[in-house]
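K.L.:
One letter stands for each residue in the lines below.
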Amino acid sequence: MTPMFRWCARAVLATALLAGGPARAAAPRVIDISAKRFEFNPKEVRIHKGETVTLRVTSADATHGFFQKPLGIDLTIDKGKTEEVTLTPQQAGRYTVICDHFCGAGHGNMHLDIVVE
Amino acid sequence: MARPLDRRTFLRVTTASLAFGALHRVGYALGATGPGGELSGQLAMKNGERIAPFSFVQLSDTHVGFQGPPNPTGGTRAFERAVEVVNALPQQPELVLFTGDLTHDTEEEGQRAARMKRFRDIASRLRVKEVHLIPGEHDAGFDGGAVFRDVFGETSYSFDHRGVHFVALDNVSRAKPEVGAERIAWLEKDLARFPATAPIVVFTHRPLFDLRPDWEWFTRDGDQVMRVLGRYENVTVLYGHIHREHVHEEPHSKHFAARSLMWAFPDPDSGAEKKPLPFDPANPFKNLGARVVDVGGRGSPGAAPLALHEVELTLREHSGTEGFQQILRPSSLQPDGRLT
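Chains P and E, in that order, give the protein sequences. Mapping to the numbering used here: the first sequence position 37 is 60, numbers consecutive. Mapping to the numbering used here: the second sequence position 14 is 27, numbers consecutive.
It should be emphasised that the hints constitute simulated quantities derived from the structure, not laboratory data. All residues carry an ideal CB built from backbone N, CA and C; glycine is no exception. Among the clues, some could well be false.
To be verified - In silico BS3-like pairs for lysine-lysine, Cα to Cα no more than 25 angstroms straight-line:
#	chain 1	residue 1	chain 2	residue 2
1	E	Lys287	P	Lys59
2	P	Lys102	P	Lys66
3	E	Lys299	P	Lys92
4	E	Lys287	P	Lys92
5	P	Lys66	E	Lys267
6	P	Lys92	P	Lys104
7	P	Lys59	P	Lys104
8	P	Lys59	E	Lys202
9	E	Lys299	P	Lys66
Stated by the list, open to error - Between beta-carbon pairs, the in silico distance windows are:
#	chain 1	residue 1	chain 2	residue 2	range
10	E	Pro297	P	Gly129	17 to 25 angstroms
11	P	His71	E	Asp223	22 to 30 angstroms
12	P	Thr86	E	Asp280	26 to 34 angstroms
13	P	Lys102	E	Glu263	36 to 44 angstroms
14	P	Ile54	E	Lys142	51 to 59 angstroms
15	P	Asp84	E	Gly81	20 to 28 angstroms
16	P	Ala83	E	Gly284	44 to 52 angstroms
Work out the full structure, taking the sequences as your base and the hints as a guide.
P.N.:
This is the structure:
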């Protein structure tokens, strides 16, 4: 093994260690969402197909639901609490997440769209 | 010698128009004697009562206490008009079923109770004295149905009426759109005493199937309820919540949504947003209505063909209204006409 080869190997190893190791996956992108009567903010979230994201939902004022069956999203967020769900959508499309915990007169129109592109 | 069965029994549909909306009638043609009488007798042994002609009314989504642009008529005008129309029916129904959202939601318990009492005051004007209710999410979503139970009683229950088994099924008081495992177990136990052919009417608030989950027109555990109901061949589900008519067919059941008595929602398949249809001052009751289900009495006694064939619900247009028809399944009967 030549000195030059040994130097290059050490450099590659050091770079990998500094980066956290070659086998370690990138942390999912975190998207913060607030829930309050009778809306989610933001109203739309865009995700790339195959991208892993964590949706972190905080309720400001009451218990809210956060439900989207095809994407496997099913959270209940009590007032002042934060809940999260991690997903990797594989199919492009527009998915409507609804509040499915009755929260008042405007509850029926409390939703957010996830656009997978 | 018994006359041969012609294998057709009917829930005959007639439809009449109300001044303000749709009126539906469904009729069994069941005779009191002959094979039909024998069939009725067998059912009577199962549920304690013979099938006999009668009619009932479904009213829904009165939202007492609501005030706003979709209905500026003074809140209860359509409800009160519906009561007048039902009272004026030449043949009085025996039951009235309300399929939820009797009141509009309020977080003040006292106000909630007051709205329910206001509802009860108007409903008490009905000449029909046997009234059955279930809550909608606007009645029971905030408190798990506590005030509803105080004012009206239980949110899920069942009863028999003239050979038909009625089930009130609460799918709102858990705050989520669901029935819940305990209540589904109760339903299963409640129905266990019946043969597969027993006529069953379930009345509930939300659709039990995925009509439009993105509009919250579904029940999360509706598939589990359907599995229980799927053991029975003659199931009719009446529901409200969607403020418009809709008909849906499952292999063993037919599902009918009633119009509201406050405002109407658009057809979700039209691409419209989920918001009430605009109020039409020239026609304040447009798209609002009631349903009358008329069970029976039109077959000639003793000669009525009573072999139950299939359950089939079809729409008919009449005077701008819709009705439905139900025919019992052929598998209801053995070759000799007896119930399986």
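K.L.:
Hint by hint, note whether the structure agrees.
P.N.:
Status of the hints after comparison with the structure:
no., hint, result
1, E:Lys287 to P:Lys59, "19 angstroms, holds"
2, P:Lys102 to P:Lys66, "19 angstroms, holds"
3, E:Lys299 to P:Lys92, "35 angstroms, violated"
4, E:Lys287 to P:Lys92, "19 angstroms, holds"
5, P:Lys66 to E:Lys267, "36 angstroms, violated"
6, P:Lys92 to P:Lys104, "22 angstroms, holds"
7, P:Lys59 to P:Lys104, "12 angstroms, holds"
8, P:Lys59 to E:Lys202, "40 angstroms, violated"
9, E:Lys299 to P:Lys66, "33 angstroms, violated"
10, E:Pro297 to P:Gly129: 17 to 25 angstroms, "24 angstroms, holds"
11, P:His71 to E:Asp223: 22 to 30 angstroms, "28 angstroms, holds"
12, P:Thr86 to E:Asp280: 26 to 34 angstroms, "31 angstroms, holds"
13, P:Lys102 to E:Glu263: 36 to 44 angstroms, "38 angstroms, holds"
14, P:Ile54 to E:Lys142: 51 to 59 angstroms, "56 angstroms, holds"
15, P:Asp84 to E:Gly81: 20 to 28 angstroms, "22 angstroms, holds"
16, P:Ala83 to E:Gly284: 44 to 52 angstroms, "32 angstroms, violated"
Hint check: violations occur at hints 3, 5, 8, 9 and 16; the rest are consistent with the structure.
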